[in-house]
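*Asks:* My request is simple: use the sequences and hints to build the entire structure.
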Amino acid sequence: MKKFILSGFLILIFALYALYQRGGEYVYVAPPASVVENKQTEPAQNPYPATPVINIPSPAPVPKIAAPNPSRTFNDGAYVGNVADAYYGNIQVKAIIRGDKIIDVQFLDYPHDRRTSISINTRAMPDLKSEAIQAQSSNVDIVSGATDTSNAFRESLASALAKAKT
Amino acid sequence: MKKTKILMGMPITAEIVDDSAKQSDIEAVFSYFKYVDEKFSTYKSTSEISKINDGQIKEQEYSDDMVTVLSLCEELKNKTDGYFNITTPQGKIDPSGLVKGWSIYNAVQILMERGFKNFYIDAGGDIEARGKNNAGKDWKVGIKNPFNQDEIVKVLGISGAGVATSGTYIRGQHIYNPKNNNKPAAGIVSLTVVGPNVYDADVYATPAFAMGQAGINFIESLKGLEGYMIDKDGVATMTSGFQKFVSKNA
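So the sequence lines, in the order shown, correspond to chains A and B.
Per the numbering used here: the first sequence = residues 23 to 188.
Per the numbering used here: the second sequence = residues 1209 to 1458.
These are calculated hints, taken from the structure and not from any lab test.
Do not rely on the hints blindly, as some may be mistaken.
[Said to hold, decoys possible] Listed below are the simulated DSBU-like cross-link pairs for lysine-lysine, each with C-alpha atoms no more than 35 Å apart in a straight line:
#1 B:Lys-1325 <-> B:Lys-1440
#2 B:Lys-1340 <-> A:Lys-151
#3 B:Lys-1340 <-> B:Lys-1213
#4 B:Lys-1440 <-> A:Lys-151
#5 B:Lys-1287 <-> A:Lys-151
#6 A:Lys-151 <-> B:Lys-1345
#7 A:Lys-187 <-> B:Lys-1287
#8 B:Lys-1266 <-> A:Lys-151
#9 B:Lys-1456 <-> A:Lys-151
#10 A:Lys-187 <-> B:Lys-1213
#11 A:Lys-151 <-> B:Lys-1431
#12 A:Lys-151 <-> B:Lys-1285
#13 A:Lys-151 <-> B:Lys-1325
*Replies:* Set out below in structure tokens:
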């Protein structure tokens, strides 16, 4: 599989280089399918994807070659980041690059509680008090919040962008 | 004495106020979490749980802690009418949802057995706080604003209780209710549960969060547990006994 990705990548690089040599004009070339789509983690394909038990191996390293256009940082296309561990689940993002900009970041996987089913009887709604949340003094000893997923997000996005680099 | 380490993929902090606390006492807490991670991490191929899922370990060879955790999972499954379920769609088992609260609870017991009365342990925002803080007051526990991670939206006064929050900070995420035609459950972004200890608070916070709006009623129905739920519009709903935990000197 790694060899396939690597060779796909090299073919793409040569194709890009050939186009560049011929006209020097910017041509949109989609990245190889194996890099663009990871159907197994596409929520639209499967609303109950694999729960995070399997570590997906890192993709093949990106070969370092001279950039066809040094003024651009990223190649256009969609790039799937590595799966990053957020302990209670995985984070995996897809970055969409166009015109050297990140135009969208999509979540392919994130921590969730959807493997279980709900069958608890919904009891009669008691009259519970509600309020609008307001900022309070931050002078506290300890902070309670959901496990931070932002580090895993950054990790997955960084790996997606590394793949998009020219 | 206070120390933070990154273990099990999250920051874990232990603070002991009692004068007699030594470095080795804090280290005992971290060694315990390390042990738990090595046994229960589904990300480590060498862990006992991974070996069980790979079929390398037979049921009669399970360690005592594994037997305990799996029986607690079974108990919780029954108590939640099958809602809490550690079996994954691939037929593997993943008790992570219980192990976090269970391990903080056990780490608290380690410090209590060593005679400490004033301390807290915080593992990734799930907390058990005992006795008083270094100002001689109840521990002030802030509930993080799910829309702005630098902000606190509620301050609790905690002594001899556990606090756990389940939620998400990713905007646009939906929690799906599989029994409701896979429609997104009501937009809850954060649910904090206060209980007699961190284990009870933690194991109920996770399934209650996934229930959407009904989650706060579920917590209301459980004796000894109180909850504070924040929805996508920034409106909080609290259980009838929650107010007694709200810090008066916040």
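*Asks:* Now, for every hint given, state plainly whether the structure supports it.
*Replies:* Hints and how they fare:
1. B:Lys-1325 <-> B:Lys-1440: violated, 38 Å
2. B:Lys-1340 <-> A:Lys-151: The given pair, whose Cα atoms are some 29 Å apart, holds under the 35 Å limit.
3. B:Lys-1340 <-> B:Lys-1213: holds, 23 Å
4. B:Lys-1440 <-> A:Lys-151: holds, 17 Å
5. B:Lys-1287 <-> A:Lys-151: holds, 26 Å
6. A:Lys-151 <-> B:Lys-1345: The given pair, whose Cα atoms are some 27 Å apart, holds under the 35 Å limit.
7. A:Lys-187 <-> B:Lys-1287: violated, 51 Å
8. B:Lys-1266 <-> A:Lys-151: violated, 50 Å
9. B:Lys-1456 <-> A:Lys-151: holds, 18 Å
10. A:Lys-187 <-> B:Lys-1213: holds, 34 Å
11. A:Lys-151 <-> B:Lys-1431: With Cα atoms ~18 Å apart, A:Lys-151 and B:Lys-1431 stay inside 35 Å; holds.
12. A:Lys-151 <-> B:Lys-1285: The given pair, whose Cα atoms are some 29 Å apart, holds under the 35 Å limit.
13. A:Lys-151 <-> B:Lys-1325: holds, 34 Å
Hints 1, 7 and 8 from the list above are not met by this structure, while the remaining hints are.
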